[in-house]
Amino acid sequence: MSIAPDAGPMLADSPPVILAAEKVTKRFPGTLALDSVDFVVHAGAVNVLIGENGAGKSTLMKILAGVERPTSGRLLLDGVPVEFRSTREAAQAGVGIIFQELNLYPNLNISENIFVSREITRGGVVQHAKQEKVTRELLDQLEQPLIPGTLVRDLRMGQQQIVEIAKALSQNVRILIMDEPTSALTAAETRALFRIIDDLKTRGVGIVYISHKLEELLTIGDYVTVLRDGKLAARAPARSVNVPWLIDKMVGRNVRPARHRAEAPGRDAAAPVLEVNRLSLPRQGGGFALQDVSLTVRPGEILAIYGLMGAGRTELFECLMGLHPEASGEVRLGGRLIQRETIRERIELGLMLVPEDRQRLGLIQKLSVAHNISLASLQRFVTAFWLSDRREMAGIEKLIRDLAIKTRSPLQPITSLSGGNQQKVVLAKGLLTAPRVLLLDEPTRGIDVGAKGEIFEIMNRLADQGLAVLFVSSELPEMFIIPDRVIVLSKGKVAGEFLHHEITEGALVAAASGRLQPKAPVAPPPPSQPFS
Amino acid sequence: MHIPAAAPVSAPVKPSGLSLGVLLFRLRALIALCVLTGIFSVLSPSFFTQQNLIILVGQTAINAIMAVGMTFVILTGGIDLSVGSTVGLAAMASGLLINRGLPLPPLGVIVYFNVPVIITLSLALGLLVGAFNGLLITRFNVAPFIATLGTLYVARGTAQLSNNGATFPNLVGTRELGNTGFPILGAGSVLGIPIVIWIMVLFAAVAAFVAGKTPFGRQVYAVGGNERAAELSGIYVTRIKMTVYMICGLCAAMTGLITASQLVAAHPGVGESYELNAIAAVVLGGTSLAGGRGTIWGTIIGALVIGVLTNGLVLLGVQEFWKKVITGLVIILAVVLDQLQERLQQRLALRRA
Amino acid sequence: MHIPAAAPVSAPVKPSGLSLGVLLFRLRALIALCVLTGIFSVLSPSFFTQQNLIILVGQTAINAIMAVGMTFVILTGGIDLSVGSTVGLAAMASGLLINRGLPLPPLGVIVYFNVPVIITLSLALGLLVGAFNGLLITRFNVAPFIATLGTLYVARGTAQLSNNGATFPNLVGTRELGNTGFPILGAGSVLGIPIVIWIMVLFAAVAAFVAGKTPFGRQVYAVGGNERAAELSGIYVTRIKMTVYMICGLCAAMTGLITASQLVAAHPGVGESYELNAIAAVVLGGTSLAGGRGTIWGTIIGALVIGVLTNGLVLLGVQEFWKKVITGLVIILAVVLDQLQERLQQRLALRRA
Amino acid sequence: QPALAQQKKLIAIVVPSPENPFFKALADAAEAKAKSLGYETLVLVHNDDPVKQDQLFDTAIARKAAAIILDNAGADASIAAVTKAKTAGIPSFLVDREINATGVAMAQLVSNNYQGATLGAEEFVRLMGEEGDYVELIGKETDTNAGIRSKGYNDTLSQYPKLKKVAAQSANWNQAEAFQKTQTIIQQFPNIKGLISGNDTMALGAYAALKAAGKGNVIVVGFDGSPDVAESIKAGEIRATVLQPVVRLSELAVEQADQYLKTGKTGSEEKQTIDCVLVNPDNVKGYAAFSVKE
Ligand SMILES: Nc1ncnc2c1ncn2[C@@H]1O[C@H](COP(=O)(O)OP(=O)(O)OP(=O)(O)O)[C@@H](O)[C@H]1O
Ligand SMILES: Nc1ncnc2c1ncn2[C@@H]1O[C@H](COP(=O)(O)OP(=O)(O)OP(=O)(O)O)[C@@H](O)[C@H]1O
Ligand SMILES: [Mg+2]
Ligand SMILES: [Mg+2]
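Sequences listed follow chains A, B, C and D, in order. Oh and the first sequence: position 342 is 400 in the numbering used here, straight run, nothing missing. Oh and the second sequence: position 181 is 188 in the numbering used here, straight run, nothing missing. Oh and the third sequence: position 18 is 25 in the numbering used here, straight run, nothing missing. Oh and the fourth sequence: position 292 is 649 in the numbering used here, straight run, nothing missing.
Derived from the structure by calculation, the hints contain no laboratory data. On a predicted model such as this, the values are computed, not experimentally measured, just so you know. Hints are not guaranteed to be accurate.
[What the hints assert, rightly or not] To give an idea of the interface, some chain A residues facing chain C are shown, with a C-beta separation under 8 angstroms as derived from the structure:
no., residue
1, I405
2, G408
3, P413
4, R418
5, I422
6, H429
7, A434
8, F443
9, W444
We put the CB at the ideal spot given by N, CA and C, even for glycine.
Work out the full structure, taking the sequences as your base and the hints as a guide.
Below is the structure:
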């Protein structure tokens, strides 16, 4: 098989190749997603695949898993040419995949999701009990105490991703493809996953691992393959490379690392734009999703909400948007009390949420990129009583440029965009409404370093323009750089609040896990207090 | 955001999971059923008599059997408008086979079958119609609504052509030809219960088992829940869809045989607009037309609601036009009641919080 | 996985975006339309005559106008089975107002309106029926299928009760009462083109504009595409849904008025099972019953396909039963043709890439 | 073929629904007659939808039909269509059902539904022995003939105090519906002695239900005189039906149409009614497709 220029070192003492893609090219109408790419999967190793959003990673994986067929090029299984005409055939060959966009059945429960089409039966009867037992074992491995009988519809993103992983683990595969498996996982959950990956390695399973979390890649990766614009950019053993190398190979240009911007003078004097006072939200079937949450945000401030999954961060945002009428407590926007306002009214008042689950809450899959972006701001493009195409398109194209959304034309169906670019589209929709307070729930999920940098830059820029930006993230590293202030939620309560200079990993983790006594909320910070 | 709201109620309830009480409570339209029964029992002395209840259930059976098949189709997110015509077609087939036999021109002979064979052949015809629908929907991916609408016309037309618009009368068969006994299907009874009812029970029980306990059943729900995911996780979506439409065709044919047997005649127009009743029963039973959610027992309850209503209104001798109005209102109220009960449940759930 | 496949074709195409040629080519069922027209022109000399074409389009209009309203409903992912009954109800309303006037018991007077007012009132009634559907679907979140099925019965029953089953005859009005001229709506013509056709064109044009060019239209597509996402983007889903059902009711009422005016009589049974034709037109026109995809012009083509077929088969004097069979087959073929053409296009697109 | 069509004159025959043997016989007879008189024929079906009927008339006009034989879709709702044809110079000859207007149609030949109903009722009375409970099945209530027949029945039956009508329901001319409704009614009134039906299809459905319930001896009387009921009468099940001389009707209509086209006048006044004939075991042997030889 052909060897890429700098692939020399890695073939020396490398374990055998199970699956190889040779000169694989994939054309979509109007896009060349893959351009004669070579890729190999080593047995008992973690084969990392990285690249910018839209580089072609998922497409390549879909080809390995039999979802898509290559326009040209071929696959070799144990050196023998093979053709996967369906995921079924791929699975029979021992290829398992965890898709980037979750593929679950909301109407079925966890164990049914895991065993669908591979049910455990006796005499043609499905052994639900048995399935649930196995499911519980799998979930224990993943350290997720979930009830196998819960409907997947009622799970949140992170939990759904766990189910996907469990599903893949339940079928003993020779090759396991993971397309951004940790995008919705917390540090703890990720660690659990890594333990499992190590275990799989020892059992000789070849793992393909895609992620945009570069540090993570280097910790578990054995071999790194970099794609750029559908071409093979580089290959190397993981130990021989570092983050700057990765960034350089995948982006080509040097990306400005996310920075904490210089504080704007007098910001702290300004009146708070958003005040939340003793917000509480009961959870169905007992307990509170949120309990007496109070916080204030000033114009031009970036406030991060940190916490573990299930901490209630998403609910906090949902309450602010008015999705939970049963919530109690008061919310003030620019001093004005908000209670009965509809979502539209809140948007017009300058509140905008970029939801965490882009597929279910963010996108209209049947509309084009353009129409998705303008959806929340149509009124602004109305002349007389119809839409002005020209003005609408102008607004849309500006954002596509600002956020560097990778799409052939604004009229492309949204489904044809890569995961990360879809995320950008949702963000673009939010920005087009010209909000005063922007609520970003996991805005950097599934976004490449370059784009992440861009998004943080945008957040900084918006803050400089006087916007208040609240963002939820499960990524510790992000906490140290961008936010002026971090509020940690734990089990629905405010478990701590830290100013930029106070933020340390230990403190955040302690607070998130509820081990730290919440000090009296310090917000708003005293004007004298200098930022560093 | 009523989508999640609906979830707890109409999710495929696993009997194993919860007590029968809860199960019943969870079935849609049950309240409506009780209320209606109550009202009619009060208004008409002859309603809540054993005899009438048997007749009522018997009349319901015809619709229920179709609805059972329809449930599978709707669970996959499809729909079958052709059931009514299939009823007519199967009826005519049985009529033809009994009165005329099967002419085999090449051999220059006419073959007469005995009743069991005739029934089998007519049911097979139903399967065939279903397969035709399935083929259109899977191979040529025609939208189920359109595909089955087409079949609705084709099958009806064929039924009418089969005897050039005329009825096959007096389907008693003759001893010499050994094809007597067809009327028993519709008129006979075992242990005092009409055979029709036994058939309904059989179909319902088997269907409920298949839907709830077999891999096929799970996969039907899966296809309805997320077809693309189903494709990707190796389910033979095409095969599943083919099968559900064939099941639906089979059930419709069964209904056709029963009506023919009851009327002791095969009328080419029989079954017209039955599809609406069947679908109504399914939806009243809490199955979501979007697919993926619903139960067979729910469907049976739905069919009973319609059955009780029709029977009761006849007993009260309500004038035809008022019948229509009342039927409409009840159908709507049945579901509204349901929604309210559901919300109540949620309110309570929160209260408990 | 035809879901993404279909997207590029039937996504709300912005005419500005592409040349009319491409637009037409993209409209579903167009091929079927051309083929049919061709066939009939050959088989029957009197088919492709100006006179017959006008008649044909006029007959299509009745269905097309309903279908236009139905398109909006289906775009939101809903369905309206009650249009047929609404047609009957509106017809009876106009009949009542012309022949009997509006009795106001309290005042002990009977008010007679002139034709424009009568038309307005009847249309308003249509809006009312739509609002009723919308209310059930949004407030009480009853599944559209069931809600409108209920309304189907209620509205039909009411129509029949309105004159106790009888027809309102001879709707010419009287000069003294100043309510003459109603028949013109159905019989009159402007510039040699029947008013009916002008109405269809008007409705279609306005609808196409609304669907393609206004925020409302865009939001209709959004609601059909992903209701929850739409809601989060600040769209008043409830309001949108209410509106589409009211539009649908209005269009149905318009059809009712036209038929009453053509018959110069209001028959309580008029419009029965029209809903199927309307829905068929919409789906033939390439609108997805799942919502979010489709165009008004597609619907018009769909209606024309049905119209040409009916008219052509009558001209040829095809025997009734065969008519059914052929109609069914054509409906199916129309869509199959479409699928093939679509695949071809994609193949080409890839070639070009 | 088209060339030929130009020479031959066209007669359009518009009927409700060939699914009902009654209308089928009507259409067939008319068609046969017209062909024998050297016309081309075009049989059209309106399924009781006046709008469809109106459209069929448009088509008939477009086809330049010489005359239209019509079994209409509504006494009032059909006037416009017939008028339209008249103004287009096409004469309409109505059979079986009248319209509520004169001077638009060339002829309206109807069997005397009222007289027929009276006939049936009298036979029913005789069979019942002038006493006992009975049920009436009414046709589609939006249908003129359903009303006339019901009236004919009741005007006669109400004269016998010992005859008690325990239930009256519409079964919309429909066999299966008649079956279910009868099924329900007879368990409500287990000891009914007779059932009189607005047409034969309903009578057949009703009798099937009665027989299944072991009440085969209940006296059932129908209306139309369809072959199936004739068979049933032969088998001693249904007791009697009222035969409408539909074959005669439509033949007459075609003859008058022919005469009008040749001479410009029909030779008979517009409204013509022909009396119905009772069919019962006595004369059923002489029955053949909607006609009996005494
Ligand atoms: N079905 C499709 N039709 C058209 N273009 C497509 C389709 N699927 C993917 N593409 C294009 O192929 C390119 C690669 O997409 P892919 O999903 O592989 O990117 P990716 O590397 O996975 O990005 P991300 O990190 O955001 O997931 C993108 O430009 C995308 O727009
Ligand atoms: N312990 C729990 N029990 C039941 N439901 C939970 C639990 N934790 C979370 N959920 C549900 O999951 C959804 C999202 O949870 P939540 O908003 O608390 O997570 P989060 O803090 O936003 O974390 P993330 O946003 O990273 O998923 C909510 O609908 C919530 O009801
Ligand atoms: Mg990807
Ligand atoms: Mg969250």
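message = Hints numbered earlier in the text: which of these fail when held up against the supplied structure?
response = Violated: hint 2 alone.
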